[in-house]
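Colleague: Following the hints, complete the assembly by docking chain B onto the known chain A.
Each chain is listed here by its residues.
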Amino acid sequence: GEDVEQSLFLSVREGDSSVINCTYTDSSSTYLYWYKQEPGAGLQLLTYIFSNMDMKQDQRLTVLLNKKDKHLSLRIADTQTGDSAIYFCAESIYQGGKLIFGQGTELSVKP
Amino acid sequence: GAGVSQSPSNKVTEKGKDVELRCDPISGHTALYWYRQRLGQGLEFLIYFQGNSAPDKSGLPSDRFSAERTGESVSTLTIQRTQQEDSAVYLCASSRGGLNEGGFFGPGTRLTVL
Numbered sequence: 002g003e004d005v006e007q008s009l010f011l012s013v014r015e016g017d018s019s020v021i022n023c024t025y026t027d028s029s030s031t032y033l034y035w036y037k038q039e040p041g042a043g044l045q046l047l048t049y050i051f052s053n054m055d056m057k058q059d060q061r062l063t064v065l066l067n068k069k070d071k072h073l074s075l076r077i078a079d080t081q082t083g084d085s086a087i088y089f090c091a092e093s094i095y096q097g098g099k100l101i102f103g104q105g106t107e108l109s110v111k112p
Numbered sequence: 003g004a005g006v007s008q009s010p011s012n013k014v015t016e017k018g019k020d021v022e023l024r025c026d027p028i029s030g031h032t033a034l035y036w037y038r039q040r041l042g043q044g045l046e047f048l049i050y051f052q053g054n055s056a057p058d059k060s061g062l063p064s065d066r067f068s069a070e071r072t073g074e075s076v077s078t079l080t081i082q083r084t085q086q087e088d089s090a091v092y093l094c095a096s097s098r099g100g101l102n103e104g105g106f107f108g109p110g111t112r113l114t115v116l
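Residue numbers (the numbering used here), protein chains in the order written: chain A, 2 to 112; chain B, 3 to 116.
Just chain A, same shape as in the assembly (with noise of 0.2 Å):
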């Protein structure tokens, strides 16, 4: 079946590099994406990476993709307070198909 786990929370202090981790079960899954939820925001499509890939690297954020393990992560550099949200993996099965969502793991940056 399709299921996407994620560790709930992280806290890391400002300017140190954060790792979010996500596993995923099925090994169909086309794309894989990170959101982000800010507090009383909607969410926003941060990356995504296609699974015939291993890195993706946007500016700060660098998503590794290992295949074999179903795990995803997404490293942000230099990590700033503005990046404390709550940050979603979700896998795709097949073209334009619903997302499957981990339950977001909360990002806490502190100064």
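Worth flagging that the hints you see were computed from the coordinates, not collected in a lab. Treat each hint with caution, since some may be false.
To be verified - Only some residues are given here: those of chain B computed to face chain A with a beta carbon under 8 Å:
id	residue
1	Tyr35
2	Gly44
3	Leu45
4	Phe47
5	Pro57
6	Asp58
7	Leu93
8	Gly104
9	Gly105
10	Phe107
11	Gly108
12	Gly110
Unchecked claim - In silico contact screen, one side only, chain B against chain A (beta carbon under 8 Å); selected entries:
id	residue
13	Gln43
14	Tyr50
15	Pro109
Built from N, CA and C at the ideal position, the CB exists for glycine as well.
Modeller: Below, chain B without anything else, positioned relative to chain A:
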């Protein structure tokens, strides 16, 4: 509009009443999704529309929930005989339906059932 809009932004209703939530997707987006987010929890898939294809209703939690979409425009999610456990934020998203389209989300409708 520039993004996905939803109305109302907040809805308080009494148990047993019916409610209707509206989603206006981004123009030209053929795919439209409804999700539910209970307090402190992740997103729960409800229903997915893609063009004129039959919708994927596999996430609807009971027959009290239904949704319609006219063509590639507005969608309404209807909850009949609301229960307290229906209290949640209901999120709508739309996309062009391509493989790299993760969906653009609206701000949600916060439903509170008393």
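Colleague: Evaluate each hint against the coordinates.
Modeller: Taking the hints in turn, this is what the structure says about them:
1. Tyr35: With Cβ-Cβ at 6 Å, under 8 Å, it holds.
2. Gly44: holds (4 Å)
3. Leu45: holds (4 Å)
4. Phe47: Result: holds, 5 Å to nearest chain A Cβ.
5. Pro57: At about 11 Å, which exceeds the 8 Å cut-off, the nearest Cβ of chain A leaves the hint on B:Pro57 violated.
6. Asp58: Holds, because the Cβ-Cβ distance from B:Asp58 to chain A comes to roughly 6 Å (cut-off 8 Å).
7. Leu93: Nearest chain A Cβ about 7 Å off; hint holds.
8. Gly104: holds (4 Å)
9. Gly105: holds (6 Å)
10. Phe107: Since the shortest Cβ distance to chain A is 4 Å, the answer is holds.
11. Gly108: holds (6 Å)
12. Gly110: For B:Gly110, the interface hint holds, since the closest Cβ of chain A sits about 6 Å away, which is under 8 Å.
13. Gln43: holds (6 Å)
14. Tyr50: holds (5 Å)
15. Pro109: Holds. Min distance 5 Å.
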